[in-house]
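> First residue of the sequence shown: 33, per my numbering; consecutive thereafter.
Incorrect hints may appear among the rest.
Unchecked claim - Below, a list of computed lysine-lysine pairs in the BS3-like style, where the Cα atoms sit at most 25 Å apart:
1. K73 / K97
2. K97 / K126
3. K66 / K126
4. K94 / K73
5. K103 / K66
6. K103 / K126
7. K94 / K126
8. K74 / K99
To be verified - Label pairs and their calculated CB-CB ranges:
9. Q79 / D105: 29 to 39 Å
10. P76 / F96: 17 to 27 Å
11. P47 / A81: 29 to 39 Å
Everything labelled a hint here was simulated from the structure, so no lab data went into it.
Don't be surprised by glycine CBs; every beta carbon is placed ideally from N, CA and C.
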Amino acid sequence: MVTEIKLGLCNPPEPVYLFVNQGEVDGESFVWYKFNISQEKKIPVTQRALIGYLSELRLTTKEFKGKDNLKLDIVISADELYVVRTGIETNFAKSFLLAASLIQDFSKPLIIVANAGDENTVFCNLYDASKSCRIFVSKGSD
Numbered sequence: 033m034v035t036e037i038k039l040g041l042c043n044p045p046e047p048v049y050l051f052v053n054q055g056e057v058d059g060e061s062f063v064w065y066k067f068n069i070s071q072e073k074k075i076p077v078t079q080r081a082l083i084g085y086l087s088e089l090r091l092t093t094k095e096f097k098g099k100d101n102l103k104l105d106i107v108i109s110a111d112e113l114y115v116v117r118t119g120i121e122t123n124f125a126k127s128f129l130l131a132a133s134l135i136q137d138f139s140k141p142l143i144i145v146a147n148a149g150d151e152n153t154v155f156c157n158l159y160d161a162s163k164s165c166r167i168f169v170s171k172g173s174d
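Produce the complete structure using the sequences and hints provided.
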């Protein structure tokens, strides 16, 4: 993938971290957010979908409330480098991994959609961006 380098002001070439969680900030609902560490503030991302190329999956251990928590990092190359971070035991991670296991050609762009469920639950749907069709396991495929 060859991209034209744009000259002028820009952000540093560091990944944009998106965290998966259903919530509301200042009356604005979201299913994923960015986090400003210096202000300790969640910044809602109003878009529910991210389109790009899956470049890496990795497991990361992060400490939370004195315990180690295993996180799934989904690294997406798009207009910027994005890292979607979610707990490995979450419905989002499980639904992402199940759909991703059906993909045979990762050279095509994917659309990752975060869908709110009940209470604090967020699910993931994957789409083949070139065909605009959802990737899913049919219920009768045993």
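> Could one say that the CB atoms of P47 and A81 fall in the range 29 to 39 Å?
The hint (29 to 39 Å, Cβ to Cβ) is violated, given that P47 and A81 are roughly 18 Å apart.
> Quick one: are P76 and F96 within 17 to 27 Å, going by C-beta?
For F96 against P76, whose Cβ atoms are near 21 Å apart, the range 17 to 27 Å holds.
> Given the range 29 to 39 Å, decide if the beta-carbon distance of Q79 to D105 lies inside it.
For D105 against Q79, whose Cβ atoms are near 19 Å apart, the range 29 to 39 Å is violated.
> Please verify whether K94 and K73 have alpha carbons no more than 25 Å apart.
Given pair K94, K73 holds - Cα atoms ~18 Å apart, limit 25 Å.
> Please verify whether K94 and K126 have alpha carbons no more than 25 Å apart.
Satisfied, since the Cα-Cα distance of roughly 19 Å is no more than 25 Å.
> Does the structure keep K73 and K97 at a Cα separation of 25 Å or less?
Distance ~17 Å between K73 and K97 Cα, so the pair holds.
> Is the hinted pair K66 and K126 satisfied, with a Cα-Cα distance of at most 25 Å?
21 Å, holds
> Need the status of pair K103, K126: alpha-carbon distance at most 25 Å?
Measuring from Cα to Cα gives roughly 12 Å; hence the hint holds.
> Taking 25 Å as the top limit, are the C-alpha atoms of K74 and K99 close enough?
At roughly 21 Å apart (the allowed maximum being 25 Å), K99 and K74 satisfy the hint.
> Would you check the hint for K103 and K66, treating anything up to 25 Å between C-alpha atoms as holding?
Holds - the C-alpha atoms of K66 and K103 are around 16 Å apart, at most 25 Å.
> Given the hinted pair K97 and K126, is their Cα-Cα distance within 25 Å?
23 Å, holds
In summary, the structure is inconsistent with hints 9, 11 from the numbered list given earlier, while agreeing with the others.
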